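*Asks:* Sequence:
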Amino acid sequence: MAYESLLLFGIAFFAGVIFIGVMGTATGGWERHAFQIYLFLIIGLYFVWSWRNRGQTLAMKVWKLRIAAADGSRITLRQAMLRYAWAWPCLALGGVGIVYALLDRERRFLHDRLARTRVVLVPNAGPAYVKPVKD
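Going by our numbering, the residue at position 3 of the sequence shown is 535; the numbering climbs one at a time, nothing skipped.
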């Protein structure tokens, strides 16, 4: 989560620059609420696109983790959106979604259980093949 937070800071920063450049402000009134919804959607776009297309975010790639459907296949767009939507309350309510994994027989987070997804370890592909150079 720490790695993901660093990436999200950059995404939110540049998204904020664009929003404030267009709107002029994001400090009060309806602009503040519009900004919050905008950031929620931008961050959601990052996660949903990453999970759906590659099965992992950049931070997950570092840790060799991938999101898969309960049967191990690639997740659907609906599952990616549900996972993102459920992750917010599961984290916001004191991390109940993470604590749930300690009690779950398959060690799945609550938002994974609700979206019918799971976090899997990517098998190690080993060292990259290097083609020998001919003299």
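Hints in this document: simulated from the structure, not taken from any laboratory.
Computed from a predicted structure; not experimentally measured.
We put the CB at the ideal spot given by N, CA and C, even for glycine.
Treat each hint with caution, since some may be false.
Unchecked claim - Have a look at the derived ranges for each label pair, beta carbon to beta carbon:
#	residue 1	residue 2	range
1	536	606	13 to 23 Å
2	563	624	32 to 42 Å
3	596	620	39 to 49 Å
What the hints assert, rightly or not - With a straight-line cut-off of 20 Å between C-alpha atoms, the simulated EDC-like cross-links for lysine to aspartate or glutamate are:
#	residue 1	residue 2
4	596	536
5	596	638
6	593	636
*Asks:* Taking the hints in turn, state whether each one holds.
*Replies:* Hint-by-hint comparison with the structure:
1. 536 with 606: 13 to 23 Å: holds (21 Å)
2. 563 with 624: 32 to 42 Å: Because 23 Å falls outside the window, the suggested range is violated.
3. 596 with 620: 39 to 49 Å: Hint violated: Cβ distance 25 Å, outside 39 to 49 Å.
4. 596 with 536: holds (14 Å)
5. 596 with 638: holds (19 Å)
6. 593 with 636: violated (24 Å)
In summary, the numbered hints that this structure violates are 2, 3 and 6.
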